[in-house]
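2 protein chains.
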Amino acid sequence: MDRLFWIGLVGAAVALLFAWLQSNRVRAFSEGNDTMKKIAAAIRQGANAYLKHQYATVSKVFFVVFLILLALARFHMLDNWFIPFAFLTGGIYSALAGFVGMKIATSANARTAQAASESLNKGLNVAFSSGAVMGFTVVGLGLLDISVWFHILKYVAHYDAAKIAQTMVMFGMGASFMALFARVGGGIFTKAADVGADLVGKVEAGIPEDDPRNPATIADNVGDNVGDVAGMGADLYESYVGSILATFALGVAAYPGSSWEAMLLPIALAVVGILCSIFGSFLIRTKEGASQRELLGTLRKGTYTAAVLAAVIAAPLTYFILGSWGVYIAILCGLIGGCAIGYFTEYYTSDTYKPTQGLADSTETGAATTIIGGLSLGMLSTIAPILIVGAAVIISFLAAGGSLTTSAENYTELFSKGLYGIGIAAVGMLSTLGITLATDAYGPVADNAGGIAEMSGLGDEVRERTDALDSLGNTTAATGKGFAIGSAALTALALLVSYVDIVKAKMDYAPDLSLTNPAVLVGLFIGAMLTFVFAALTMSAVQRAAQSIVVEVRRQFREIAGIMEGTTDPDYASCVGLCTKGALREMVKPSLLAIIVPIFTGLILSVEGVVGLLGGVSVSGFAVAVFMSNAGGAWDNAKKYIESGHHGGKGSEQHKAAVIGDTVGDPFKDTSGPSLNILIKLVSTVSIVFSGLIVNFHLL
Amino acid sequence: MDRLFWIGLVGAAVALLFAWLQSNRVRAFSEGNDTMKKIAAAIRQGANAYLKHQYATVSKVFFVVFLILLALARFHMLDNWFIPFAFLTGGIYSALAGFVGMKIATSANARTAQAASESLNKGLNVAFSSGAVMGFTVVGLGLLDISVWFHILKYVAHYDAAKIAQTMVMFGMGASFMALFARVGGGIFTKAADVGADLVGKVEAGIPEDDPRNPATIADNVGDNVGDVAGMGADLYESYVGSILATFALGVAAYPGSSWEAMLLPIALAVVGILCSIFGSFLIRTKEGASQRELLGTLRKGTYTAAVLAAVIAAPLTYFILGSWGVYIAILCGLIGGCAIGYFTEYYTSDTYKPTQGLADSTETGAATTIIGGLSLGMLSTIAPILIVGAAVIISFLAAGGSLTTSAENYTELFSKGLYGIGIAAVGMLSTLGITLATDAYGPVADNAGGIAEMSGLGDEVRERTDALDSLGNTTAATGKGFAIGSAALTALALLVSYVDIVKAKMDYAPDLSLTNPAVLVGLFIGAMLTFVFAALTMSAVQRAAQSIVVEVRRQFREIAGIMEGTTDPDYASCVGLCTKGALREMVKPSLLAIIVPIFTGLILSVEGVVGLLGGVSVSGFAVAVFMSNAGGAWDNAKKYIESGHHGGKGSEQHKAAVIGDTVGDPFKDTSGPSLNILIKLVSTVSIVFSGLIVNFHLL
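As given, the protein sequences belong to chains A and B, one line each in that order. First residue of the first sequence? That's 58 in the numbering used here, and the numbers climb one at a time after it. First residue of the second sequence? That's 58 in the numbering used here, and the numbers climb one at a time after it.
Hints in this document: simulated from the structure, not taken from any laboratory. This structure is a prediction, so every number in the text was calculated from the model and none was measured. Treat the hints with caution; some may be incorrect.
The list cannot tell twin chains apart, which means a pair is met if one copy fits it or any two copies do.
What the hints assert, rightly or not - As a list, the in silico DSSO-like pairs of lysine-lysine whose alpha-carbon atoms are at most 30 Å apart:
no. : residue 1 : residue 2
1   : Lys-109   : Lys-707
2   : Lys-638   : Lys-411
3   : Lys-411   : Lys-646
4   : Lys-411   : Lys-211
5   : Lys-713   : Lys-259
6   : Lys-561   : Lys-697
7   : Lys-707   : Lys-259
8   : Lys-638   : Lys-344
9   : Lys-697   : Lys-713
10  : Lys-220   : Lys-94
With the rest of the complex left out, here is chain A (with noise of 0.2 Å):
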């Protein structure tokens, strides 16, 4: 089947165009009166700057990458030279991805807005529309840029399967690079100016949210561009890529005889969950004053119904190209898995459920109680998704046909088909990608979409619906992040058990990998110890560079004569200049660490070490990010709940209490929390690529 590789240009090539589709019929709307338009503007300008400046720095550490990669390759500690390029098309096309969404999201909010002046169900639309731009060209570069290094590598260097899959394992990093400046520089940016517009704005001066009188109110809608639609798709975009390339490896390791086949597969499945992902955003429409349950019941039947589909499809897919059924069941627990996950999210951090309304509650006794509420819901709330993972990986394991038995005559051989079990069950948990992230890109742009509303002066039943939209667009922003965290600890084990195949193969005596070796076991305290200083560092980071948008935020209110009165404009452009200056500033130290860590522990522990430390990341990573985000999700949530009218409303003691606890929330939720997952896949894609400068080091 070595010739139908073809399908995976052809299903990027129809994701891209129906993302350009979308992308036109979101361009065909009005943007609106003269100040929404002036307003678009303003946002689309900032976040133009600052992608500019983060490519600017990024592209120096990749270039010092470069050539570092190509003096490995030089030196024979990297398997080929084709891996110093695919490092920087991965970067290329993740940056790409990113500044697609970027841009159509910052051109549909004001489009949304004036689209919800008309109806409620357009401006659903338009929002929709402009996430599944987003979602369809991570997809769609993601899975083109796969194949065509397949066929390159194939048709041009005529690798065969094993040398195809080993080498283009070792493709992820420049995407994981990419996704670690995105994703902790966007979520640097986004929270200071979120944190410093409502320090002095809501808090000292007393103005609503999203009021054009404030400083920052631009710059914070410029965050939810730059780090809630670009970091967003620069992770998933990472975990798509990563998952299917580790299956590649893992499926030749365990297919010997039939390496083309389940390469093939996942290719195949990506496809099948583009095209299904292309159907259920179709059925997503809603009818005039349509209740929060409905609409979020318009999203889910999207979203359902490409899952279902998908599944329907992969069965006879899986069985026509492996023959396997057990593999099927993989599949299926990544995709079942996905959704479980992501409805634990919400359970945990949706005001309709319990945990929050208990943590408002909470707030009647002070902000220390609310705090250690918080905590703890936060920390109860890995229960589910780590049971989720857990099953997930134990069941596609054994599925696939592995055994947990080692006196099993063929032990090694059931072993290897096990693990594919857990790489094809990534990647069924990603296939509908397309449609997950459009609900999860339309938060950004809806949110933008209510600012606009209120700074451009729009009629109460406009905002109302841009109201409901946003909220809407809370509730699967929370889903969405326990989606990238489920997903991006399955892709992690995939690629740790990826590494492990790909450094026997160098080494010329097998490792000793088992837990009481203590080369792994101080490699796993390590990786505890990256998860809490990379959290420390990225939420201390916040905390300078709001400190910042609070004395030019003061100043500004303090020098400008007219602000208050709303006959100056304030300067916007200094609050989004301070908020880049500060994220690029921000950003450079936690994520050296993280690239740095996992290669120093190679050279001092080996290779034990090293998968001591993917173990521990994985492991610990997943638990805190859970812990943060849902922490996070649940703070926000209980201050809204409050503010809608429980425990004393706005201004009251209870209501200050939740203030606090939101704020600490806010960087738990939208930059630690979500950087993590980088984390965790990063050091796998460094690990990976590093592998033979670690071995040839210890066999000096």
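Chain A is already provided as a structure; the job is to place chain B on it using the hints.
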């Protein structure tokens, strides 16, 4: 050398004798005036009542588990009939140590206050002597329990070395169980009382700390004794016994030819540690008007001298017993590691260093930044302890003869020797526990003395002296916590590797314990989850228990006339009763969880899953324990730093923010953090005892 084990009995006798002498020395002092006697009696009564209730509850659990163990023995799923009885003695000895420590602490508090009214040196001496009673009772009873069982197994049951070691490693579970309940229950009691007293007394009614008008003030003082004395004692009792027993097991595996020698070394080391600790404790004295630095210096002189002396004597001792300088280096790793962790704990939590001062700075921008600052500080503070433990593990493994290169000819044999190094490093770290624990248990006594001085209206000069002693106690308490966590981690690793030795002997196939095994991976995830859930449950338990105190104190202020005027005594006993009830009610859920999860993981995922679980709990538990303890300690000291006149001092907005941080930090540092120490050891001891059940279950 199998006839030299009597030195263990001698060492135990010397330790207990020294404890008795110190106890007499304390009792020779006067308890002061009638008010002081009355207050001391109330505290004593409350602490006794709590311990009585706690032991009553715990004995029920012990009885049920005892029956289960008997049943397991009956169906040949336990190695022998001794285990159920050793389970009981372990629990009883640990409880006894806690009881003695608490008893002396509650009779030394008023005496310390009275002695301080004579001179600072006398006050220090009484408080330290009472700490020494606790310290030496713990090591004395621990060594006695081990030595008595050793002689029974050797001379009554006529076991050989291997069988003694493999049997006795199962004997740690009783101490683990007792420690769990003591730490969790005591931790909940002490913080419920503290938070309850502060929230209503200090914040609402505006009366100072330890004011006799506060109905919860006696409960607060009782809490110091049951949490910080009895709880801490049981924790370290478990580490002490656990590390020696694990080293027994590792010793017979590593030195099949000289098993008696390998087992004698940890015993001899413990005896040497006791003698050196006694010597060190004679060095502790101070002069009038000594500064904090000088006071800390004298305690340091005692502990460091004991450690250096032990290091010197250990050299010929190790060479004489085992003929190995490498094993001696392992012991040094433990001794140095323990001191280093203590130092870094102080660095991160004392207000004389930058981190805590920086945290105080972050109160300038409100409660939210104070919380984020403390959380970041706690997370960053994991670096040093993890690198220290990591280095200690690797160096002691390699020094003791271990090899990380699987291609080495006699890899397995060398590997066992290396693991013995890890075990002996843990024993080394704990060898001078007598004096380390003395400086640690000194803290709550000084704290109580300060409270009694305040409540009985002793003069300013006396308050100044007790304040100095109290402040010193806070520092040693923080250092002690760091030491407790570090030794728990090393003990847990030693238990983990001995668990693997034990199950391998029971199984009819070699389990695949490598990190790529999905069962191991999922076990790791469950371990991380258990850590977070356990931390969340203990944290929220404090919150619920404190709530009932708040309600009660408010009621008393409202209903009992004359409290605020000082004409009527409040009802102290009802607060003590509520704390007792709350602690006993709340300790059950997290404790059962800690016991059940390892068994269920074993039943579902077999031995491989359990090994993953142990790794996951050790790693995550260690990181989270350090994070929580240090964050809590830093918040506490940042508040005190502000109270001493920085950042606006008492009553300022900054102070309010610091109080919120401190209130969040209370359950962090005194309940959840220390309870995690127990968790990481308990899952190992439970898994070891139930290994027969797990292996047999999966053989069915």
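Consistency of the hints with the structure:
In this homomeric assembly, Lys-109 and Lys-707 never come within 30 Å of each other (Cα to Cα): the closest approach is 39 Å inside a single copy and 48 Å across copies. In this homomeric assembly, Lys-638 and Lys-411 come within 30 Å of each other (Cα to Cα) only across copies, at 27 Å, whereas the closest approach inside a single copy is 41 Å. Only between protomers do Lys-411 and Lys-646 lie at most 30 Å apart by alpha-carbon distance; the minimum there is 20 Å, versus 39 Å within a single protomer. With identical chains, the CA atoms of Lys-411 and Lys-211 are never at most 30 Å apart, being 55 Å at best within one copy and 58 Å at best between copies.
Taking the shortest Cα distances, Lys-713 and Lys-259 sit within 30 Å of each other both inside one copy (12 Å) and across copies (21 Å). In the homo-oligomer, the alpha carbons of Lys-561 and Lys-697 never lie at most 30 Å apart, since the shortest distance is 52 Å inside one protomer and 55 Å across protomers. Taking the closest pair of Cα atoms, Lys-707 and Lys-259 come within 30 Å of each other both inside a single copy (12 Å) and across two copies (27 Å). Within a single copy, Lys-638 and Lys-344 get their C-alpha atoms no closer than 44 Å, and across copies no closer than 55 Å, so neither meets the 30 Å cut-off.
In the homo-oligomer, the alpha carbons of Lys-697 and Lys-713 lie at most 30 Å apart both inside one protomer (12 Å) and across protomers (25 Å), since each shortest distance falls under that limit. For the homomeric pair Lys-220 and Lys-94, neither the shortest alpha-carbon distance inside one copy (53 Å) nor that between copies (83 Å) is at most 30 Å.
The structure is inconsistent with the numbered hints 1, 4, 6, 8, 10, although it conforms to all the rest.
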